[in-house]
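K.L.:
Protein chains in written order, with full-length UniProt numbering: chain A, 1 to 459; chain U, 1 to 459; chain Z, 1 to 459; chain H, 1 to 459.
Quick caveat, the hints were computed from the structure, so don't treat them as lab data. Each hint should be verified, as a subset may be incorrect.
Because identical chains cannot be distinguished in the list, a pair is counted as satisfied if it fits within a single copy or across any two copies.
With a straight-line cut-off of 25 Å between C-alpha atoms, the simulated DSS-like cross-links for lysine-lysine are [stated by the list, open to error]:
no.	residue 1	residue 2
1	64	312
2	346	264
3	117	264
4	156	126
5	264	312
6	312	346
7	398	117
8	386	64
9	156	386
10	156	346
11	398	386
12	126	398
There are 4 protein chains.
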Amino acid sequence: MFDELHEECGVFGCYHIPDAASMTYYGLHSLQHRGQEASGIAAEHDGEITVLKGRGLTVDVFRKPELASLEGVNAIGHVRYSTAGGAEAANIQPIVSHSSRLGDVAVAHNGQIVNEKELRRELEEKGAIFQGTSDSEVILHLIRMEEGTLEERVKKAAARLEGAFAVLVEGEGKLFAFRDTHGLRPLSTARFQDGWMVSSETCAFEVMGIYDSETVPAGGFCTFEDGILRRSSYREADAPRVCAMEYIYFARPDSVIEDVNVHKFRKETGRILATGDDVQADVVIGVPDSSLSAAIGYSEASGLPFETGLVKNRYVGRTFIQPTQEMRDRGVRMKLSPVKEAVEGKSVIMIDDSIVRGTTSRRIVRLLREAGAREIHVRIASPVLKLPCFYGVDISTKEELIGHRMTVEEIREYLEADSLRFMTPEQLRFAAGTAGLCTACFDGSYCTDLYSYSEVLSN
Amino acid sequence: MFDELHEECGVFGCYHIPDAASMTYYGLHSLQHRGQEASGIAAEHDGEITVLKGRGLTVDVFRKPELASLEGVNAIGHVRYSTAGGAEAANIQPIVSHSSRLGDVAVAHNGQIVNEKELRRELEEKGAIFQGTSDSEVILHLIRMEEGTLEERVKKAAARLEGAFAVLVEGEGKLFAFRDTHGLRPLSTARFQDGWMVSSETCAFEVMGIYDSETVPAGGFCTFEDGILRRSSYREADAPRVCAMEYIYFARPDSVIEDVNVHKFRKETGRILATGDDVQADVVIGVPDSSLSAAIGYSEASGLPFETGLVKNRYVGRTFIQPTQEMRDRGVRMKLSPVKEAVEGKSVIMIDDSIVRGTTSRRIVRLLREAGAREIHVRIASPVLKLPCFYGVDISTKEELIGHRMTVEEIREYLEADSLRFMTPEQLRFAAGTAGLCTACFDGSYCTDLYSYSEVLSN
Amino acid sequence: MFDELHEECGVFGCYHIPDAASMTYYGLHSLQHRGQEASGIAAEHDGEITVLKGRGLTVDVFRKPELASLEGVNAIGHVRYSTAGGAEAANIQPIVSHSSRLGDVAVAHNGQIVNEKELRRELEEKGAIFQGTSDSEVILHLIRMEEGTLEERVKKAAARLEGAFAVLVEGEGKLFAFRDTHGLRPLSTARFQDGWMVSSETCAFEVMGIYDSETVPAGGFCTFEDGILRRSSYREADAPRVCAMEYIYFARPDSVIEDVNVHKFRKETGRILATGDDVQADVVIGVPDSSLSAAIGYSEASGLPFETGLVKNRYVGRTFIQPTQEMRDRGVRMKLSPVKEAVEGKSVIMIDDSIVRGTTSRRIVRLLREAGAREIHVRIASPVLKLPCFYGVDISTKEELIGHRMTVEEIREYLEADSLRFMTPEQLRFAAGTAGLCTACFDGSYCTDLYSYSEVLSN
Amino acid sequence: MFDELHEECGVFGCYHIPDAASMTYYGLHSLQHRGQEASGIAAEHDGEITVLKGRGLTVDVFRKPELASLEGVNAIGHVRYSTAGGAEAANIQPIVSHSSRLGDVAVAHNGQIVNEKELRRELEEKGAIFQGTSDSEVILHLIRMEEGTLEERVKKAAARLEGAFAVLVEGEGKLFAFRDTHGLRPLSTARFQDGWMVSSETCAFEVMGIYDSETVPAGGFCTFEDGILRRSSYREADAPRVCAMEYIYFARPDSVIEDVNVHKFRKETGRILATGDDVQADVVIGVPDSSLSAAIGYSEASGLPFETGLVKNRYVGRTFIQPTQEMRDRGVRMKLSPVKEAVEGKSVIMIDDSIVRGTTSRRIVRLLREAGAREIHVRIASPVLKLPCFYGVDISTKEELIGHRMTVEEIREYLEADSLRFMTPEQLRFAAGTAGLCTACFDGSYCTDLYSYSEVLSN
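Extracted from the complex, chain A is given alone in its bound form (with noise of 0.2 Å):
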């Protein structure tokens, strides 16, 4: 699929720990391939909350000295994809409230909250007034709306939200963790030190030598306070169903999400597409990265060697000209460059994870040819996409999507492949094991009420 879709966020949290603004920096380092347009922490310290955010990567928005600045042992942090619209520096997270009556509050939040627009019309006819678009906003106006302690105020809040989210909330030294009933974002917690980290993906607990942590589970609430996590739900929570692009695309193959480890989901995909795969071929390759787990389980499976027959260049950045419209027709050059040797006289098996619009890989397919392969069989590790996500990933119409627009042999044509195959739904279920999938976006099954955005569905 390769750049074509995009997350929205990451979050991750630090609760008693020993200069948690840096523990938190690291924390979404780890986490940065969920969102690389900004960055920000929030760390509270004797009950006041100091937050320091900016567009950029981790590494660029926070130096020694400002994660200096950063006291106390709790803090939350938040990676973010902004689209275009949304790119005003009033959206960036967390978003913090002050105020002598209830004391600071952050919250930093990853998903899409379908209900956000009546939330938003409730809130503004009592008195809310937003500065920004952002979700995390609602959240907050919410939070403090509602009565009692602060605990049972977050949890209230958490009650109001339908969607897609995994949130974190900070104020009066605690920390609070939620996840939506259907568990389509993830989250999950582990113990650290004397303290705990809560983080979207687990990936960011490894880098911190923490191999054990428990997933958050749907409709699920962590209460950090007093030095301890309690437990419980503030919701009745649904079956869960991940949303499947997790698997697929978003999350780095060494996280586990409900169980199951990303990496292993993959391979299984493409065990799954080799199986009575009757095709002739001599190597399989994937597209870097995201594929080349898919690849590999193709390769196992059908006893086909594994080839790196794509090179992706590490020093693509944002900045690049494309000055001719020939060069940016061609702009997938710049990212990857196939390895003729592997290729060349070759009938290959190319394993891509998804396909949004289609122009990249139909570029790939040509790139492949043109370095001298004999036949192009494109595999993808996933069912075709035919509908929009309301969930936090973004693709918002059906039109932008090439499978909404053609049968699989019209994309086949469009690719200039020699043949396509696609999964099942029902296959990438299998794949996932004992985690239940979110897969609307491949077939309509959308698990919440859609408010206001079933109009996008019915266009």
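Take the given structure of chain A and dock chains U, Z and H to it, following the hints.
P.N.:
Same frame as chain A, now just chains U, Z and H:
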């Protein structure tokens, strides 16, 4: 080996190609792995050379307006890795001289000239003054001192140089390219539209869609003039001996050096390591990115499954902060993470391309052990590094090399590995097939006189 | 006084003026002396408000593309001097609220609201949450809470504020401007083409070639709507008492406040100081830039020649390094130099506008002595500063004021001056002619209730 | 004249002074008015010279860590105004040469060498190559080519130069300073602690608290060696003729050149203008900052009151945007504002130091008229500028000078002034008292042969 060794540079040039500076920009971008510290382009237009250069990646140094100011159909460019001592702005290449008598001349150079001190002394005696410590300045002065046409002068200058080098010279609407008589540093040419390109590595041609290229032979001299390329030699050449490290570590897998593809070479080293290796193991993993090809080769030859045992964080930047000593010790964690599912409870063959100081390898072994690997068998896809390099690789003393100070068994103990095996120099040469190799850093067979550097060895 | 005191802000707005953001940029540039820490512009287009703001000078925050993105014929802007505590990005103005119910509203504010803590508490109880500590956020919330049309709500909000302020509000295609009931902070309007401009100081109009302007009266309220300006008042006003420091130090000499030109006021203070001053002196000099007008006035009234006794270095930046303690002690040297020829061997009248801590004045006296001045008679063009200001000038405690701790004779001794004279508050009021002055920092006659700030005085 | 003319540089050096680089930083900061485009410092430590330089103000180029890296008790520095053509990094000074035979040598230079083309040709024939177009590179080559001790070689090199220059050379633990034989560019020395300082202007000494300094005489040569300063001359000198523009416009008023204080000189020009001026006027104003001294002199001599008629915006930066043509036309407004109260209804004497193109003066006259001035009598504190300068001031053609194309009456009409008077060259020389002046740009009496530049005059 993972970020322990550094190549010193890469060069790229365009002759008779519209918007030569932009095309050179693309070329340098593909050579970025050869140097990330500084970047420069010198374009010639009507005999006038304009140069732009600065610290940082090519994409950061050049923006659209900068590129637009570099007019002309000829251009040469350079990417640089600079050691601490030579980071001065005066050393960023290309280096240009302006002269009303001889016109503008620009030089870009990759490698190391071993008789540089002797030449510098001689040139100073004849009146040269040096503003920096770059070899390119020496070459410029040699060109200026000689008699005859520019081509004659460049050729005579080339003949004075000893060592490892790939040099581009530009002036009078012409371009010249030459390579050392041992072929230590790679250099290739390719036809592009009505002109030519010349590059340290062929991967830069593929970005333009060119898969046909020719190696500049050892001692070869290319004159691009009057719209054509005229090949000659400036001195009798020895049997070519390409720097083994180019194949082992520096070059991109999709590059071809002396008709041998780098990926293929690396796979071959893996195969050789597997042959006769009687260790009982479950999986083969490679240290990303440079050791993956060798690991695939080992897997193919041994029949053991290839696995993604280590994941690399793609967002590691130079500004990374490591506030605690503990973190610094475990700095490798920020860059590499083990995939627990791939290694837990298993006996693992871990392929690395080479070992310099050993500190990183030791940390990786520990990471794998922490992630549950039962046994770790380290296989190095090259011989034991024992001696410094005077040909452009930044090993300047024997002392920094663990292979100089310890026996293989001592190294194994230091790495905390269950077993350890290296290749022999003979095996390495075998892997290179028809291409000759310089293996001086392994066995001391330096292919040139070492001049003042010979002292380093005798200490 | 020279860089010891700081004004807190300046505001500028455009109504019904093509390319309002660019014109606001010019206006802010002319108000830059009122705040150099941050700058922001909020432009309205079809009910939508876009805001751009950042740290730094107006010329650094806004470049052509940024300005071009701020469409619309209405805009308000702000320049800010931020104290250490409030330097957070969340406090940079204008502050904008987005609401589907009430539309977008932006607020920019200069001054200090003394009942801000009380209002904040009340608003929080009604459900407001604050993301920063800026008074503008309080004003936004007040506007939102009230009932009626936007104009009615802004007026009711204005009536709740106590203190010193000049406020601009923008929304629904309208602009509102109002000033505190004591007229402490200046605010003026001017016709420009088919629209209007409103500014903290009239110097910003002159940049546009407008020399006719009207003061917004104390308690006055301006409604810019339907292409016209409708003047009213939001509360009964007291006799106007402009902050004396505006005339003495902050405002530009070409500005007119309450029909009194600043330069003329300052000259008058010089004249008054000269009257009855029987010291024997040779020349009069002023500390640049703010004391030059008073020095000219003294020279005219006394008949003593005006001289350029001190030269200011125009390139002093905030990044200035002072490596040694000795240098730090003499930091004033980097900024001011005596003109030896103008003062050597002479008895010098040195005019300064005011004395805060006294450290800078003492250094200047030493500089002049060093340059050979025989006698130095310091004349301060204002009374002794004794008390803190709660109306927007950054004197927050009595203790920091040398005039609070010492008698005039003690100050003279500290300054090492041969004689020292201040003005009396009565003389200052006389200099202001028809304009009333707030002289609270000199004589304690605060013109508002001080709410929670009254504690500061009683300590 | 206001930002129309530019000096080309300033130099500052320290000999035998602890932390010489930091002290040089202070010195350059005081010379910043002589060049704001680039700044550099070269410090020597044990024979090794380290240079740091970059674009921008001294305070921006050097931060604490940079300064700390420049060790040693000797240092030379440079501030530069660079014309469009020469903005290349290769031209930023000081320029350093490294040589194993001759050691490191650094050169910094202010002025213009008129036989530079001839010298460059000669040096190229002898084998020199030039990486930039700076005169300093020529001087470095001359030094290298000569025979003898470093002092002898520097002296011989100095003797080859024709034109206007103040040059600092550093190497072998010594410092050398010399000035052209006509004394066109200023240069002074001063004792500081156990060492010496040398500077283009004496204002840089005063920052250190030093008021005693000595002019380096025309043709003078200073050798700082073995802890002492030895004065000599490198060639017979002519009667000194300091560039008149140094006194009129470039130098700071607190500087002393050839024993004449700049402020005093300027006051004298004002006095001379007043003598016999029979115009009926109410006030005298000066264009800030350079014409204020002359205005004070005119005021004293005429008895007319001196007024602050124009205020300068201190925050004008180079990034100022002028989006509309109308704004561009009125660009001067952003920088200068009239003080209406000071000029309204009055007959005004407006003193300006000189007129180059006349466009700015015309705009200022219009501003004053707009602000209500009844009559505007322009008095220029220098003669009519008619000819180009080849000695370091950026007037390169006659055509750009309004004084070359028009008579005084025509200029008056163009300026829309009620009357206009210039000084005569004789009057100017009279104002300089004992100091001789170069008045070539007024009357064509160039004090050197012009070599290739003589063509410019004959066109």
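K.L.:
Going back to the hint list, which numbers does this structure go against?
P.N.:
Violated: hints 3, 8, 9, 10, 12.
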